[in-house]
Amino acid sequence: MKTLHIAFRNIFRNSRRSLMTILAIAVSSIAIHLFGGYVANIIYGMQSNYVRDNGHLQVYQEGFFDYGAGNPVAYGISRYQDLIHLITNDPQLKEHVVIATPILKFFGIAGNFKKDTSKTFFGIGYIPSDLKKMREWNDYAMQIRKSRLNRIVLADDDIDAGIIGEGMARMLLLCEELNVKNCKEKPQEKIEDKSAAKEDFSFLEETKGVNDPSEGIDKRPRLDLLAATAGGAPNIVTMYVNNTEIQGVKAIDDNYAAMNISLAQRLLYGKGEKKATGIVIQLRHTKDIPFAKVRLKQIFDEHKLDLEIKDYTLIVPMYRQVISFLFALFSFISTIMVIIVLFTIINTMTMSVMERVDEIGTIRALGLRRGGILRQFIAEGLVLGALGATLGTIASVMIATGINSSGIMWTPPNYVDPVPLKIMIFLNPFLSPGCWLGMVMLAVVSSIVPARKAGKMVIVDALRHV
Amino acid sequence: MNNSEFAVRLTDVKKRYLLGKVEVDAIKGITLQIPIKKFNVIIGPSGSGKTTLLNLLGCIDIPSSGCVEVCGQDIARMTDEQASDFRAENIGFIFQNFNLIPVLSAYENVEYPLLLMKKPAKERRELTLKMLNDVGLSSHKHHRPNELSGGQRQRVAIARALVKGPKLVLADEPTANLDSKTGQSIIDLMFEMQAERHTTFIFSSHDHQIMKHAEKVFEIQDGLLMEEKER
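So the sequence lines, in the order shown, correspond to chains Y and R. Going by my numbering, the residue at position 202 of the first sequence is 202; the numbering climbs one at a time, nothing skipped. Numbers given in my numbering equal positions in the second sequence, counted from 1, plus 1000.
Isolated chain R (complex conformation):
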């Protein structure tokens, strides 16, 4: 595989941060390559460093040492503004707590990333409506997050992550706050979306059930890559 076939390349990445007055080594030297257009899963127990790793991949944090390349860009070399623009163009986030903007309706939440990309109004409207339709929430487009169920909120979050056609979608334990049935439906939806759009998905979870959907699994423990499995 050449470089362009990897969405992410990590070379001996370490991440140390302060927790109060204590220094914590969240990532202790990981080297990995995540292929494009695949449903990748990072699996590991709580505190293993999954979220820290996703933060690095999402360009919202920088490594203490080592190199993180996302879509061919070394994230440590980006300024804050460049990183913001890069995220706006290339990365979609799905959070554990949905993280929808409470004052915006489902439609407006999905439209928000397109506003950041300064897309014209007509294009925004078309893309937003299509995306809401794809996640099955056309009839709830005017609802605010507090008027939606947990599953519906996460669907809105998925739509928000995908609406701009990102190169990389990062989902940090997106089913952790959902019951098992709803969680399964969200996993099915994300898998379906990934299959349709061929977007690179990186999904973190401590749930081994998710592995049945994964095309590639990275298992990390105590800040180290323990296993890398192709399925």
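Same shape as in the complex, but just chain Y:
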């Protein structure tokens, strides 16, 4: 017998008290499960979003990550197609790589001459079909918003097209033409001398020359983009804006301009060699990152390429910050739950010991060693913990299923649109087993002090106890 068998019966001697203890453990388990599942959903959701847009890894010319924002053109990767070929055809890497695609990041000035306005922008050039493929990545089976997939409005052959942030559209007075919702009309500017600015833009427009065959034909809103070329001279190209794409951070949304990479290259390199500032690599699984980094480093060393590799957690610092914040919150909630469970079980087990003093004396007199008494009470803690943790796990799954199917919507940090509230308990494979095991261990640890007290009882005093 069966120590566990006796323990099981003992905990139901005072069924109400045991039930309350089991419920306290279960409620704590539910809290940890639900919050853990919620956090897992945010973290894996964020990761999926970042990986869909930025890939797992980005390869830059050495120094670009630290200094490239000041002069992106100077850090361009020459013959990047060869580099992509090298990566995607490497026997060890190709199994892990979904896609490797060039990007070109730069800064410039965008002008809407029809409305006599302009502003600086942050430009990113990519291959639209590659981005579309990247946005299909869904290693964690997260719900992808169709609106997000449908928002891919650039085509590879639409070489003069681009997308801008809603804030950017607002500032360039393109709300009406691009059907931007909730777009306030720009108040009258207080610039007294507009003639100088107008003269400058006129000059730029003239430098564009006659290399724009779509002038006067294309009905899409048009922006003229100005940037310094690799040679230092200003260059200007026309971008036809297909649509807007709101960005999660206002500072980015106000400055965002994405375009076909060929347009960005035409702006930055003119008729010179077309380069990319980075190669985006999306892997099949996030866990492949360490291997891919090592292998890429080997390839670059073998070919004497002066390149650096950054993973998405470095490229998007907010990801790490959010994870740190959520981890701290999760730890805080878990600690509170642990303290509640700890004191509840200590109280229950102490009461149990006090109620069974004469019984402890009897079984000690019959020949059970101190260790046997210790084992008996620890076993009772174990059974309490196991019942509470199991009940908590089952209830958590049921509650999570209910929440997941309720259709409650919310907007996670750095998201643009509301998404369904999901509690993904099983997304983190360690959450449920860890919580169950943690609760059981906690129950066992909480039982040790009362059990030791029981084991140390003097037999004659215990037998004399009424």
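Treat the hints with caution; some may be incorrect.
Claimed, not checked - In silico DMTMM-like links for lysine to aspartate or glutamate, alpha-carbon gap of 25 Å or less:
#: 1; chain 1: R; residue 1: Lys1014; chain 2: Y; residue 2: Asp461
#: 2; chain 1: Y; residue 1: Lys2; chain 2: R; residue 2: Asp1080
#: 3; chain 1: R; residue 1: Lys1028; chain 2: Y; residue 2: Asp461
#: 4; chain 1: Y; residue 1: Lys456; chain 2: R; residue 2: Asp1074
#: 5; chain 1: Y; residue 1: Lys456; chain 2: R; residue 2: Asp1080
#: 6; chain 1: R; residue 1: Lys1141; chain 2: Y; residue 2: Asp358
#: 7; chain 1: Y; residue 1: Lys453; chain 2: R; residue 2: Asp1085
#: 8; chain 1: R; residue 1: Lys1118; chain 2: Y; residue 2: Glu302
#: 9; chain 1: R; residue 1: Lys1021; chain 2: Y; residue 2: Asp461
#: 10; chain 1: Y; residue 1: Lys2; chain 2: R; residue 2: Glu1147
Unchecked claim - What follows is a list of derived Cβ distance ranges for each label pair:
#: 11; chain 1: Y; residue 1: Arg13; chain 2: R; residue 2: Ser1180; range: 49 to 59 Å
#: 12; chain 1: Y; residue 1: Arg464; chain 2: R; residue 2: Asp1179; range: 21 to 31 Å
#: 13; chain 1: Y; residue 1: Asp358; chain 2: R; residue 2: Ser1064; range: 23 to 33 Å
#: 14; chain 1: R; residue 1: Ser1149; chain 2: Y; residue 2: Thr3; range: 24 to 34 Å
#: 15; chain 1: R; residue 1: His1142; chain 2: Y; residue 2: Thr3; range: 31 to 41 Å
#: 16; chain 1: R; residue 1: Ala1121; chain 2: Y; residue 2: Ala141; range: 43 to 53 Å
#: 17; chain 1: Y; residue 1: Ile448; chain 2: R; residue 2: Asp1179; range: 38 to 48 Å
#: 18; chain 1: Y; residue 1: Asn347; chain 2: R; residue 2: Glu1227; range: 51 to 61 Å
#: 19; chain 1: R; residue 1: Glu1228; chain 2: Y; residue 2: His5; range: 38 to 48 Å
#: 20; chain 1: Y; residue 1: Arg13; chain 2: R; residue 2: His1198; range: 35 to 45 Å
#: 21; chain 1: R; residue 1: Ser1180; chain 2: Y; residue 2: Asp461; range: 25 to 35 Å
#: 22; chain 1: Y; residue 1: His5; chain 2: R; residue 2: Gly1165; range: 17 to 27 Å
#: 23; chain 1: Y; residue 1: Asn347; chain 2: R; residue 2: Leu1019; range: 28 to 38 Å
Unchecked claim - Derived contacts from chain Y toward chain R, CB cut-off under 7 Å, selection only:
#: 24; residue: Gly45
#: 25; residue: Thr362
#: 26; residue: Arg369
#: 27; residue: Val460
No lab work stands behind these hints, which were simulated from the structure alone. Ideal Cβ positions, reconstructed from N, Cα and C, are used throughout, including at glycine.
With the hints as your guide, set chain R onto chain Y.
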């Protein structure tokens, strides 16, 4: 009589304990020898030191001075674990309040000492069923203590004390909580069991009626042995 013919030998045993802040001399120097395979009775009024003496004989307490030898072992020299194992092997207890384990059935209560001795399951089952049959409770084996009468509970306690075939059975006023008729039946049962098994019984009581069964009587009063009678 040589040493092996005594279940217990006490030599100038004293036991002092604290009752709150007051020191009480429960045993004030007793020297006696209790023969084996006999129905021995320790008789005396309440507070005379009977229970303290039985605690010493049952190896659940140690003397303040003097020597207590149980089955040839000096109990003061045993560690707590050795004393536990010794009790599990050699001593059966019958308590005034029955002291059955409430969550176990009659069968499980009787089986419990055999578990402590790590007897195999088959042997446990055979011994337990036989013992329950001997005390007339075969039909109540699945009953929990709260489903049994006082007499039935004490029968279970007797079965629990005897099932492992102990060298010594200690019964501390086992009829005190029973009506006279049931008490008499319990005394008859214990006497019968002792006669069948030739186990050494030490029975404490303040009831002089018990003396008619006793083979040897020790009368104690105020912690001192007053009289020792062979019958």
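Here's how the hints hold up against the structure:
no.: 1; hint: R/Lys1014 <-> Y/Asp461; result: holds (18 Å)
no.: 2; hint: Y/Lys2 <-> R/Asp1080; result: holds (23 Å)
no.: 3; hint: R/Lys1028 <-> Y/Asp461; result: holds (20 Å)
no.: 4; hint: Y/Lys456 <-> R/Asp1074; result: holds (22 Å)
no.: 5; hint: Y/Lys456 <-> R/Asp1080; result: holds (11 Å)
no.: 6; hint: R/Lys1141 <-> Y/Asp358; result: holds (23 Å)
no.: 7; hint: Y/Lys453 <-> R/Asp1085; result: holds (21 Å)
no.: 8; hint: R/Lys1118 <-> Y/Glu302; result: violated (69 Å)
no.: 9; hint: R/Lys1021 <-> Y/Asp461; result: holds (15 Å)
no.: 10; hint: Y/Lys2 <-> R/Glu1147; result: holds (23 Å)
no.: 11; hint: Y/Arg13 <-> R/Ser1180: 49 to 59 Å; result: violated (33 Å)
no.: 12; hint: Y/Arg464 <-> R/Asp1179: 21 to 31 Å; result: holds (25 Å)
no.: 13; hint: Y/Asp358 <-> R/Ser1064: 23 to 33 Å; result: holds (24 Å)
no.: 14; hint: R/Ser1149 <-> Y/Thr3: 24 to 34 Å; result: holds (30 Å)
no.: 15; hint: R/His1142 <-> Y/Thr3: 31 to 41 Å; result: violated (21 Å)
no.: 16; hint: R/Ala1121 <-> Y/Ala141: 43 to 53 Å; result: holds (50 Å)
no.: 17; hint: Y/Ile448 <-> R/Asp1179: 38 to 48 Å; result: holds (45 Å)
no.: 18; hint: Y/Asn347 <-> R/Glu1227: 51 to 61 Å; result: holds (52 Å)
no.: 19; hint: R/Glu1228 <-> Y/His5: 38 to 48 Å; result: holds (47 Å)
no.: 20; hint: Y/Arg13 <-> R/His1198: 35 to 45 Å; result: holds (39 Å)
no.: 21; hint: R/Ser1180 <-> Y/Asp461: 25 to 35 Å; result: holds (31 Å)
no.: 22; hint: Y/His5 <-> R/Gly1165: 17 to 27 Å; result: holds (25 Å)
no.: 23; hint: Y/Asn347 <-> R/Leu1019: 28 to 38 Å; result: holds (30 Å)
no.: 24; hint: Gly45; result: violated (50 Å)
no.: 25; hint: Thr362; result: holds (4 Å)
no.: 26; hint: Arg369; result: holds (5 Å)
no.: 27; hint: Val460; result: holds (5 Å)
Of the numbered hints listed earlier, those contradicted by the structure are 8, 11, 15 and 24.
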